[in-house]
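Single-letter residue listing:
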Amino acid sequence: EAQVTQNPRYLITVTGKKLTVTCSQNMNHEYMSWYRQDPGLGLRQIYYSMNVEVTDKGDVPEGYKVSRKEKRNFPLILESPSPNQTSLYFCAGGFGDTQYFGPGTRLTVL
Amino acid sequence: QKEVEQDPGPLSVPEGAIVSLNCTYSNSAFQYFMWYRQYSRKGPELLMYTYSSGNKEDGRFTAQVDKSSKYISLFIRDSQPSDSATYLCAPQGGSEKLVFGKGTKLTVNP
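Protein chains in written order, with the working numbering: chain A, 165 to 274; chain B, 2 to 111.
Hints in this document: simulated from the structure, not taken from any laboratory.
Virtual Cβ for every residue (Gly too), placed ideally from N, Cα, C.
A portion of the hints provided could be inaccurate.
Facing chain B, a subset of chain A residues (Cβ under 8 angstroms, in silico) [unchecked claim]:
1. G222
2. G260
3. D261
Just chain A, same shape as in the assembly (with noise of 0.2 angstroms):
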């Protein structure tokens, strides 16, 4: 079965201090992505990677970082998180009609 774990699934932080966001996929595929989901803004892509030490910005990488070491594992990395940052955060392995979304990360920065 298709699987995108994430962890942690709830975080609540404080403005500052770095945090990172894990994600694994046991698809074997070589397409990974990151999106926040807003009220109002919908899903927004981060960052996105199509291989291994491949990864592209997507449409709101400000204030993010992502590595690609492993084709399983795709972090989020917030160096310095603020609270524009506080958000509903997914994981996607796959692209087009074999995507799928982990469960969700749900950050809150103070």
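Starting from the known structure of chain A, arrange chain B on it as the hints suggest.
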């Protein structure tokens, strides 16, 4: 003009009703059209996938694409309370980026 426009609703219908959900888009390069369903507190899941213009049916769901008018629709027949969710349209093509509509929240009342 935004790439994808979707009426956010909310839409409330009685059980058994026919539901019509719609999106318009501006990018003529879009070739693939997806509908995702997102239950509360869950990640989006792919519901329908169509390529180019035409109709595609899957059980009670029908996806319709009219590329000439850049209009995509999702019809739900005999709607059930379990169909209550947010529905997101997602056209794609011309790049590796997937663009999402903001989603329409549907409630089917028993």
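Structure-based check of all given hints:
no.	hint	result
1	G222	holds (7 angstroms)
2	G260	holds (6 angstroms)
3	D261	holds (4 angstroms)
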